Amino acid sequence: MSGLHRTQPVHELSLCQDLLEQVIAIARAHQAEKVVRVIVNIGPLAGVEPLLLESAFSVSCEGTLAEGAELVTALQAIRVYCDVCGLESEATASDLSCRHCGDFATRLLSGDELILARVELESVEEVRH
Amino acid sequence: MCNTCGCNVTSGNRHLLFTAPAQKPVSAVTVLSNLLKHNDAHAEQNRARLDAQGVLAINLMSSPGSGKTALLEATIQRLKDSLNIGVIEGDLETENDADRIRAQGVPAHQITTGTACHLDAHLLGPALDHFDLSKLDLLFIENVGNLVCPASFDLGHHRNVTLLSVTEGDDKPAKYPVMFRAADLMLITKIDLLPHLDDFSPERAELCQRKLASSAPVFNLSSRSGQGMEAWLEWLQHEVAEHKQRVKNGQTLRPRVQQDGQSLHDPASQPRFRPVVRV
Ligand SMILES: Nc1nc2c(ncn2[C@@H]2O[C@H](COP(=O)(O)OP(=O)(O)OP(=O)(O)O)[C@@H](O)[C@H]2O)c(=O)[nH]1
Ligand SMILES: [Zn+2]
Ligand SMILES: [Zn+2]
Ligand SMILES: [Zn+2]
Ligand SMILES: [Zn+2]
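One line per chain: the protein sequences are A and B, in this order. Position 26 of the first sequence, counting from 1, maps to 26 under my numbering, and the rest follow consecutively. Count along the second sequence starting at 1, add 1000, and that's the number in my numbering.
Among these hints, one or two may not hold up.
[Said to hold, decoys possible] With a straight-line cut-off of 16 Å between C-alpha atoms, the simulated EDC-like cross-links for lysine to aspartate or glutamate are:
1. K1037(B) to D95(A)
2. K1175(B) to E21(A)
3. K1080(B) to E1234(B)
4. K1248(B) to E1073(B)
5. K1135(B) to D1081(B)
6. K1175(B) to E1206(B)
Hints listed in this document are in silico derivations from the structure and should not be mistaken for laboratory results. On a predicted model such as this, the values are computed, not experimentally measured, just so you know.
Throw the hints in and build the complete structure from the sequences for me.
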């Protein structure tokens, strides 16, 4: 992505505020002592640089329950559904057209996600349900 | 950065600071919730405020210098007698752009946050306080000149307009797909310069845009010469009228890419915030 973001990950920092807020709420709801790992799903069309998000996350977590937690980013594939021929195909960020018939009238099935998928917590005692 | 609702992790949460004991059980919680849930909640509040007064908000995005402010000046000159227009400027260094808009005789507010590379819904909320929304039909938001990230944040606006000036190269949509895919309307600007450039083809630019599965209309125009301004002005007037009708029916409009994202990551199909503990 742009040079601006390489030197100054303001963008990823501001994303982390939302992320961290959700993670802390979950940790509290489970009376966790510590957040060990956070897994997020990111699509190439989300406009987020995974490496920058990871480093921004460790900065944002300082002084919180999530301090020291590892952020794992799982990159999602881009898949589209073609309205013309009704088939699904893999696509790239700059070409979302249908691989089967070449039409541009496709809809994204995956590839723009920005999802908090999983949180791993260290608890005081085992939680049973 | 949220001064609106105090939702941030601040010095107030520092008591959560914790020294880790070893050998505690680890449980995994499946969440599947949007990372930008909080921004999106603020965006919905902003949109509701605009809708309550029937104001259509349009987010202008482009690289620095593509002609956003010049387009606003030319647009206001031609429309200010028929529409009440306000402008929020997200050009973060100076008050220059807001001053240029005020010189056209319409209210303008500059968001000054220093280093932020994009606007988000938290920044827009307080900016709306600077306007009497009941006196506006149309609110333009000039986002920070940046082709990378402004498209990832819903502000609570209704339409995204993405500018591409003829001096930037016609393959920009392929290079910055996140930005251009978000466009509800694409404007190829500074078209008066086209005769001097042998390597920019508006047709090629439109083809790159279509490859992003975008059906957004593409207009060519020049704020300088006035060429092509009619189609843009008609589009605006049509959008304002449609929006007034829409809010009367209790409906609203989200920018296309946000609608897509919503249906794609439908809360019904994904257990948002219903954590499952696996021991
Ligand atoms: N020839 C020509 N020049 C233009 C046109 N529109 C804008 N410009 C020039 O392009 C330069 C940048 O225009 P602005 O309107 O300030 O661009 P901007 O997108 O608002 O820039 P930032 O706010 O810095 O991102 C200025 O020198 C304008 O005079 C146009 O239609 N034709
Ligand atoms: Zn940004
Ligand atoms: Zn097809
Ligand atoms: Zn907030
Ligand atoms: Zn400007």
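Results of checking the hints against the structure:
1. Restraint check: the Cα-Cα separation between K1037(B) and D95(A) comes to about 28 Å, which exceeds 16 Å; the hinted pair is violated.
2. This hinted pair does not check out: K1175(B) and E21(A) have alpha carbons roughly 33 Å apart, beyond 16 Å.
3. Restraint check: the Cα-Cα separation between K1080(B) and E1234(B) comes to about 14 Å, which is no more than 16 Å; the hinted pair holds.
4. Straight-line distance between C-alpha atoms of K1248(B) and E1073(B) comes to about 30 Å, which puts the hinted pair past the 16 Å bound.
5. For the suggested pair K1135(B) and D1081(B), the alpha carbons sit about 13 Å apart, so the restraint of at most 16 Å is met.
6. With a C-alpha separation of about 13 Å, the suggested pairing of K1175(B) with E1206(B) holds against the 16 Å cut-off.
The earlier numbered hints that this structure contradicts are 1, 2 and 4.
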